[in-house]
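Chemist: If you want the building blocks of each chain, they are given just below.
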Amino acid sequence: MSGIGLNPLADDIIKLADRYSPGVGVPAEASSGSSTESSTTASSSSPSNADGKGRQHDAGLADSHASDDRTPDDEEAQAQDEMTSCNAATGSSDISSHNSFATTGAGGGPGQWPLQDEVSGALDVLYYGPIYVGTPSQAFTVDFDTGSADLWLPANCHNCRGRQFEAGRSSTYRSTSQDVSITYVGHFHLLRSNPERSLTCFPSLSTLFFFLRTTLT
Amino acid sequence: MFSVPFHPFFFSSNDSDLKGTGRVSGTIVRDVVSTAGLTVAGQAFGSVNNKSDEFNKQPNDGLIGMAFGTIAQSRQATFFENLIKERKLAAPLFSVHLSRHEERGSSVRVFVTYRRARPPPCPRCFFERVGSK
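Protein chains in written order, with my numbering: chain F, 1 to 217; chain Z, 1001 to 1133.
Hints are not guaranteed to be accurate.
Stated by the list, open to error - Chain Z side only, calculated, beta carbon under 8 Å to chain F, not exhaustive: (1) V1033; (2) A1036; (3) N1056; (4) G1062; (5) E1086.
Unchecked claim - Chain Z regions said to be covered by chain F (calculated; three or more residues, Cβ under 8 Å): (6) 1043-1050; (7) 1074-1084; (8) 1096-1106.
In case anyone wonders, no lab produced these hints; they're calculated from the structure. This structure is a prediction, so every number in the text was calculated from the model and none was measured. Virtual Cβ for every residue (Gly too), placed ideally from N, Cα, C.
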């Protein structure tokens, strides 16, 4: 329910990140030790864990083995914890501490991709950022979508607003004869009882980092 | 397998349910694609000459899918997968920071080098391992 994945198995993500990038230490501060294994792993990759940040959000840190032992009550408690954290995410201290990080990221250095939030009323509708295509490069903005896996840009599109890719201006462009049609279907359920737990809150906090590992290495 | 935190279309809302649809069509082409200082030569993408009206309500020009390529309707490797294959990342990970109700401040990050300053304290972090079906 956290938005991007369904199986929270954090410890080997931390291990993996530590193996690839020692010291970068995927923000292992998130661990408060919901399971022994992940706690150990997290502390080893994050010596400065005890930074007095108070109660840490540990949802999602259960590893695959520990999860077998979890009882429904545990899971409910965790879910409840997520809810609490979700609402707590509006707390100013959390947001301010992360805005400094995000502001740095918004500068857009290597590996940092700033996104703009399209806000409509109470909804954060989508997040989009710059992308560059062709030689010389043409600039566009693309919706960053974790729920689909196709990349597309408008070109020769009569009913499209916005910028369009001009293949004729790119020396590295290659066409194919393959047609493509991409359809999007989505369905969300909002918790009616609490407007604070809106769609955007459900995937979780404003202050979350999602670390995704792919099966490709 | 993915629930979708932010999806590429506007919603029709009846209080508790949100539904969205959208469609684009065109041909598959290849060209150099870069963002965040990372480049993939020969990235496949849809050169779309038709898109449904939902998309014209949006501020963005196109869309980048960050899910596994196994669900790509174009059956092409994703930009992120190509970065991994071409060994342009220090780890096959990306992170997402989403601000709420703030135009600026959100970002996606990948690890590109082995030597990077530690991120600042992250009191509320989620770790998700995702698998491909």
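Chemist: If a hint holds in the structure, say so; if it does not, say that too.
Modeler: Okay, the hints, checked on the actual structure:
At about 5 Å, the closest approach between the beta carbon of V1033(Z) and any beta carbon in chain F falls short of 8 Å, and the interface hint on this residue holds. Hint status for A1036(Z) relative to chain F: holds, with the closest Cβ pair at about 4 Å, below 8 Å. Annotation: interface hint on N1056(Z) holds; nearest CB of chain F at approximately 5 Å, less than 8 Å. Among the interface hints, the one on G1062(Z) holds; its C-beta lies about 4 Å from the nearest C-beta in chain F, closer than the 8 Å criterion.
With its C-beta approaching chain F no nearer than about 11 Å, E1086(Z) sits outside the 8 Å limit, and its interface hint is violated. With 8 residues carrying a beta carbon less than 8 Å from a beta carbon of chain F, the stretch 1043-1050 of chain Z meets the three-residue requirement, and the given coverage holds. Only residues whose C-beta sits within less than 8 Å of a C-beta in chain F count toward coverage, and the stretch 1074-1084 of chain Z has 7 of them, enough to reach three; the restraint holds. Coverage of the stretch 1096-1106 of chain Z by chain F holds in this model, with 11 residues showing a Cβ closer than 8 Å to a Cβ of that chain against a need of three.
The structure is inconsistent with hint 5 alone, although it conforms to all the rest.
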